[in-house]
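S.K.: Please model the entire structure based on the sequences and the hints provided.
These protein sequences, in sequence, are chains L and D. Heads up: the first sequence is residues 1 to 639, going by our numbering. Heads up: the second sequence is residues 1001 to 1089, going by our numbering.
Be a bit skeptical, because a hint or two may be false.
Only some residues are given here: those of chain L computed to face chain D with a beta carbon under 7 Å [as the list claims (entries may be wrong)]:
hint, residue
1, L616
2, Q617
3, Y621
Take a look, some chain L residues computed to stay more than 12 Å from chain D by CB distance [what the hints assert, rightly or not]:
hint, residue
4, K29
5, L77
6, D212
Derived CB-CB ranges, DEER-like [as the list claims (entries may be wrong)]:
hint, chain 1, residue 1, chain 2, residue 2, range
7, L, L629, D, V1064, 23 to 33 Å
8, D, R1075, L, A583, 49 to 59 Å
9, D, N1071, L, L23, 55 to 65 Å
10, L, I635, D, N1071, 33 to 43 Å
11, L, R607, D, I1004, 16 to 26 Å
12, D, I1004, L, L616, 11 to 21 Å
Note that these hints are calculated values from the structure, not bench results. All of these numbers come straight from a predicted model, not from anything done at the bench. Glycine is no exception: its CB is placed at the ideal position from the N, C-alpha and C atoms.
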Amino acid sequence: MATFSYTVWILIIPFLMFILLGLAGHKLKPKLSGLLGTSGLAVITALSYITAYLYFFQTDKIDDVFQKITAFNSTWLQLTDNLHIDIGVLIDPISVMMLIVITTVSFMVHIYSLGYMKGEKGFERYYAFLSLFSFSMLGLVLSTNIFEMYIFWELVGISSYLLIGFYYEKPSAVKASKKAFIVTRFADLGFLIGILILSFNTKTFDFITLTDPAGPAIAQGSGISFMGLSVLTWSMIFVYMGGVGKSAMFPFHIWLPDAMEGPTPVSALIHAATMVVAGVYLVARMFPIYALSAPAALNVVAYVGAFSSLFAAVIACTQTDIKRVLAYSTISQIGYMMLALGVSGYGEHEGLGYMASMFHLFTHAMFKALLFLGAGAIIHAVHSNYMNDMGGLRKYLPITHLTFLIACLTIAGIPPFSGFFSKDEILAAAFSHNKLLFAVEYAVAGITAFYMFRLYFNIFWGEDTRYDHTPHEAPATMTIPLIVLAIGAAVSGFIPFNRLVTSDGKVFESEIEWGIAVPSVLIGLLGIGIAYILYAKKNSLPDKLAGTFRYTYKWAYNKFYIDEVWLFITKKIIFRYISEPVAWFDRHIVDGTMNAIASVTQVVSFRIRGFQSGQLQKYAYIFISGAILLAVIFIYLWH
Amino acid sequence: MFFIGVYGFLTRRNLITILMSVELILNSVNINFVAFNRYLYPHKLEGFFFTLFVITVAASEAAVAIAIIINIYRRFTTINVEDVDTMKY
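M.R.: Set out below in structure tokens:
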């Protein structure tokens, strides 16, 4: 049995690369630093694939269950005798799956960026940040305990902040990076509270102990109740709040569309494929607790996911910036994953939703990264983010066109592409659990197909827009990742996830449920059809429709004014009624006390400095009179 | 004799005279030591030894003090204590 101790290098290599490129990058040639970063990532990609192969096919299962292996562990902070924070590496089905996702997408993005970012200022800084991100994301998925995960969680947040703000001369990028950081930070506060409640009640941080269905953690925490729900449920809701922030679920979704200010490959890597699914991963990681002792929290997960997916899909239909459409589509798809987790049970076939969620996470990472990279190639060619500036591009960008089409078909759930399989599993899981949520997701599947093909037809079909210069196909460094990811998106549906990644590690049988698959394909085709009628040729129908539903359209176009609501809450309520009194207290009471002490000291010392006259005999006079006085006291009064 | 010394220390303005007053104080203490030792503890010798010790210290103290006074004179061209008040606030 392999020990997997080499997996530590998966973390060490990108970290060293970050230090190297961060400190010495400006001395290297930009091209060299890019190649260094890429080759470092190639090594860890290879390591991850080896790990996955060894883990899934070479490691013996015990009782048909994939074992959780702690490949490396060292105690970092000993808080009490049995409560300690470790730093380690945990290998189990979902972490291995995430390794594959992260390293594959990250590697493709590294190669792609060689072409996309060519000649940009701060090329080596970009690669240093990418390495930092890869390090922290891999650390997040390999964490052995929830506190280590929290540390890497914040590291991912900071690298996302750095990369969104990569074009720091642009005020909008700076604003977006701040927004992303503050919003997620705010949600992470909930995560931290959740961790504290959880560890206080279960006396452990360790994932293996926490999620052991027969372990003490699950039994202990559920006893005490608060406001009708057990303390464990509350802590899981708080933990989920962190996931809501990171995964841009409603109501913390506002940062993700703005995060598109960053370079497009970054959007593909961080804001589509890896970091934003950290929330899903978090729920999956804690899944036994959710499923077995906090079903109320699991319902919250399901409803938040369903609402976000519907909400974001509606907004996506009205946006004109292609990256924003993709961002809302990401929110919508992550909502799918959350919902799938929310409707899942624990163990064997009950855990269908869990498996479907992980499956969708995998396929989504492939096709969404592909969509973003394709969008990057289009933007690279047209120099605009707005689809009004595009049209008829299929003649100019044949490779991009083909791969983009594959990605669109995948996300719309058309067989035999991978999105069909994963979406089918999710719908099946939702159908057997909750008919309402199933209906929502069924509608969202149609809307998804509609807005993706609206994008597709607007960009690649329609009339030729007059371009300043003829758009040309991207260089090979950019098209090769597109092709690789397109193959991944097309065939990853055939990976038998029910044999690899399941809620309790056991294999179960699942097959395509045609009763659900056929209608879902039909609604996908319907969405495509509507999009074709509206957008394939230039006509006045879309404008007419927008005119008919003017208010709805305006609401959706302005993202239902959620940004404004948040602004109102922060500026008008939090700043005015909490921050300002606190600031006043600080300025007047706290500072005032300190100033008063200082000025009293000063005044008193000015008064008494006359004694230091420098007159030696005056000192002596006082000294001797004091001595005589003391002598008198001692002689006459000391009895 | 002690109080003559104290009086001189407090009232004279000349540093040399102040030094002489200090010597007076020290000598008065010496005489006290000898006298008390002789009458109170006639079989012991500590008082005498202490006196010898004080004389030694007084001699070296006088040497140091005169060196300081010479330096003060060089710097301020006076040995009047009231004019030497640089070390005030």
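S.K.: Now look at each hint and say whether the structure bears it out.
M.R.: Checked hints:
no.	hint	in the structure
1	L616	holds (5 Å)
2	Q617	holds (6 Å)
3	Y621	holds (6 Å)
4	K29	holds (65 Å)
5	L77	holds (53 Å)
6	D212	holds (74 Å)
7	L:L629 x D:V1064: 23 to 33 Å	holds (30 Å)
8	D:R1075 x L:A583: 49 to 59 Å	holds (56 Å)
9	D:N1071 x L:L23: 55 to 65 Å	holds (58 Å)
10	L:I635 x D:N1071: 33 to 43 Å	holds (41 Å)
11	L:R607 x D:I1004: 16 to 26 Å	violated (37 Å)
12	D:I1004 x L:L616: 11 to 21 Å	holds (19 Å)
Figure legend: structure checked against the earlier numbered hints; the only hint not met is number 11.
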